[in-house]
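**Student:** Letter by letter, the chains look like this.
2 protein chains.
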Amino acid sequence: MSDIPLPQGFRSAGMHCGVKKDPSIFDLALFVSDFPCSSAGVFTTNLVHGAPVKVSRERVRRETTRAVVMNSGNSNACTGDRGIEDARWMTGLAASQIGCAADDVLVCSTGVIGRFLPREPLETGIKAVATKLAATPAAFEAAARGIMTTDTVPKQSTRTVELDGVTVRISGCAKGAAMIAPNMATMLAVVMTDATLTPLQADGMLRHAVDRSFNCISVEGHMSTSDTVLLLANGAAAGRGQSKPLSDAAKKQFQAALDEVTAELALGIIRDAEGATHDITLDVTGLRTRDEAFRIAKAIADSPLVKTAIAGADPNWGRIVSAAGYAGVKLAEENISLKVNGMLLYERGVPLAFDASAASASIKNNRATHVELMLNLGQESVRFWTCDLTAEYVRLNADYTT
Amino acid sequence: MSDIPLPQGFRSAGMHCGVKKDPSIFDLALFVSDFPCSSAGVFTTNLVHGAPVKVSRERVRRETTRAVVMNSGNSNACTGDRGIEDARWMTGLAASQIGCAADDVLVCSTGVIGRFLPREPLETGIKAVATKLAATPAAFEAAARGIMTTDTVPKQSTRTVELDGVTVRISGCAKGAAMIAPNMATMLAVVMTDATLTPLQADGMLRHAVDRSFNCISVEGHMSTSDTVLLLANGAAAGRGQSKPLSDAAKKQFQAALDEVTAELALGIIRDAEGATHDITLDVTGLRTRDEAFRIAKAIADSPLVKTAIAGADPNWGRIVSAAGYAGVKLAEENISLKVNGMLLYERGVPLAFDASAASASIKNNRATHVELMLNLGQESVRFWTCDLTAEYVRLNADYTT
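Taken in sequence, the protein lines are chains A and B. With the first sequence counted from 1, adding 6 to any position gets you my numbering. With the second sequence counted from 1, adding 6 to any position gets you my numbering.
For the record, the hints were derived by calculation from the structure and aren't laboratory data. Treat the hints with caution; some may be incorrect.
Below 27 Å or equal to it, Euclidean Cα-Cα: the simulated BS3-like pairs (lysine-lysine) are [to be verified]:
#1 345(B) <-> 60(A)
#2 336(B) <-> 60(A)
#3 133(B) <-> 27(B)
#4 60(B) <-> 345(A)
#5 370(B) <-> 27(A)
#6 336(A) <-> 60(B)
Looking from chain B toward chain A, a few residues come up when the C-beta cut is under 7 Å (computed) [unchecked claim]:
#7 52
#8 355
#9 359
Backbone N, C-alpha and C define an ideal beta-carbon position, used for all residues, glycine too.
Construct the entire structure; sequences and hints are all you get.
**Tutor:** The following block contains the structure:
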């Protein structure tokens, strides 16, 4: 049982309502602030996206947000106009339990695509989950469990920082990109804080944090229709009516703490990726821009050939270098060097003699694999996280929706 | 044993020389024209590419090409300056056997990346293979075997067309993108014809054919460092000294026949893809440009989530539609319709009720799966071929190079 607390003025709850068949598995979560929040959201860029994404996207960057209602087991994506009605209906029902406007409730759904939401269990469930709201770590963990699909553990993270003399807390939870039929890939996260932020500040800080966390992970490169990261800031830390704008120093401190929370949640997703036996940290350095480093990291992270080699503890480094070559970034072989787990295998375009058995053993005997690709073209770099690709992943994802 | 003939004036041979350990497996091929050829080549766009790609790219679009020497078991990629010297040395040795300039010999290598070519077996081998050159179907098949890596069958194709009253033959062979350590992914093909083409014509026609065949297949989306498709045209069909430029009608006939040969070779690669249990034909229709249709088809073909669903006979169609959504093409859900094996599952943004068991059975009971995604935005379309992703693929690719 986690003991991660919520920030002041927040309550949450999670339970099983019946979107999923197994009554022992949670499928509903509610996060509520007792005070109006500045809200921000970062959403999937997939042009095919779920109805909850369409509805929530219109309702962030406001100062009146009060809650997020989330279900797992059905993503309410590719469901047309009826899907949008269903998503709005969920927020209206949650709003009437809390006593706020439907517009002040955000909504996320994760699960299989292309099926209409079952209203009956959700109606009973949303009414019931509102009666369970509590400010306890147990209630927060229950909510974190309510959004899980194939995750094996709930992912939560918290930081406490002193901002301009006020103790502020940031707490978030996330579900992973691990996938198995009947559930579709999705990454969802909610981060709550009792710091005082304007919607514009919340938006800018959330984007900064997401660019260095959730946007730097890849399980298999299939972008979900439902990816959503939300930030709610209710200003309750300073006491009601006492909140003041953050100083510049405090903004920096807050950003750093927020970055840590989102990075911890993102890493939690990689560590719990379906079927994975290795967590891979990719450091791509020496590019002209961060975007170039990012594109190379993503090409490597998305290559099934790189991922299967690491699953097999195979130091077949040509697969890594060749993936960099098709990332769409201007580069030259003679500048490229590569280290795997600290061992230099390729230096400025020339293959080095190395102890292949030792390299293989170092991959095999460690869950963490560290890949450093040095392009030697500039000063920009990126750190990216991914996982290996195993037969177990294929087995899990070849199961029937039927 | 195949009975595919070579065009007039061509000879070929294949054998084991010792780049690979197992003496029963071929690893060397030589294709020779008795007369100078117009040559054209299409090469990998990977910025990390093998030394043979660098060398051959400089030698195509000429009128004096005489031969192609190819080895499997070592790609001579990521091998720096020494790799380029090795590739040139191979062409020089082949040229001295044939009696031509080194510049008139093209070279391809496929296999593991980052190891220097073993000159000793290649020196003995290239001298020996030149003595085996023959114009027989058996010699052509031996050459097709000499370029195989994890392919289980050689891939050959031929067409005969009457052009301006002259009977012309086009014959080609290819090796697949199937991958297994210690061999790296690569697609290589050589197409020979006794038609009369200028280097510019050969280049244009080869690009047209490759765009509709080898560029429309994907096994797992990892672009090789060595992909090469070569066309040699020696004009021998009309008799020595009798060759004339093709008429416009003949050019069209030749293009159609060449397109058929390359498509047959490309399909052969998909049918022999490693671990695959389904061949998938993707028809993406109704786009504003062919490039848009291509990008959507490639996003679908490269999605491990789509590929594992088909491996599991899972009609989880949301995975297909959602892959289209992140292809970088402007589209709207409400225009999209989807058929799988002829069954309409999603129509203009609305999920349809369908018999999931019947849909699953139709995938399960057929090696061929047909996916039709209709965007309803324009008149352009593309046909793309891919295969499913199985646990066997992962098992094969997680093996050691060590």
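**Student:** Holds or violated: are the alpha carbons of residue 345(B) and residue 60(A) at most 27 Å from each other?
**Tutor:** Judged against 27 Å, a Cα distance of about 26 Å means the pair holds.
**Student:** Given the hinted pair residue 370(B) and residue 27(A), is their Cα-Cα distance within 27 Å?
**Tutor:** Between residue 370(B) and residue 27(A) the Cα gap is close to 26 Å, so the pair holds against 27 Å.
**Student:** Hold the hint about residue 355(B) up to the distance rule: shortest CB distance to chain A must be less than 7 Å.
**Tutor:** 5 Å, holds
**Student:** Mind checking the alpha carbons of residue 133(B) and residue 27(B) for me, to see if they're no more than 27 Å apart?
**Tutor:** 19 Å, holds
**Student:** For the pair we were handed, residue 60(B) and residue 345(A), check the Cα-Cα distance against 27 Å.
**Tutor:** 26 Å, holds
**Student:** Verify the proposed pairing of residue 336(A) with residue 60(B), using a straight-line Cα cut of 27 Å.
**Tutor:** 17 Å, holds
**Student:** Quick one, are residue 336(B) and residue 60(A) close enough, alpha carbons at most 27 Å?
**Tutor:** Judged against 27 Å, a Cα distance of about 17 Å means the pair holds.
**Student:** Go through the hint on residue 52(B) and say holds or violated, using the shortest Cβ distance to chain A against 7 Å.
**Tutor:** 4 Å, holds
**Student:** Should the interface hint for residue 359(B) be scored as holding, given a Cβ-Cβ cut-off of 7 Å against chain A?
**Tutor:** 10 Å, violated
Consistency note: the structure conflicts with earlier hint 9 alone.
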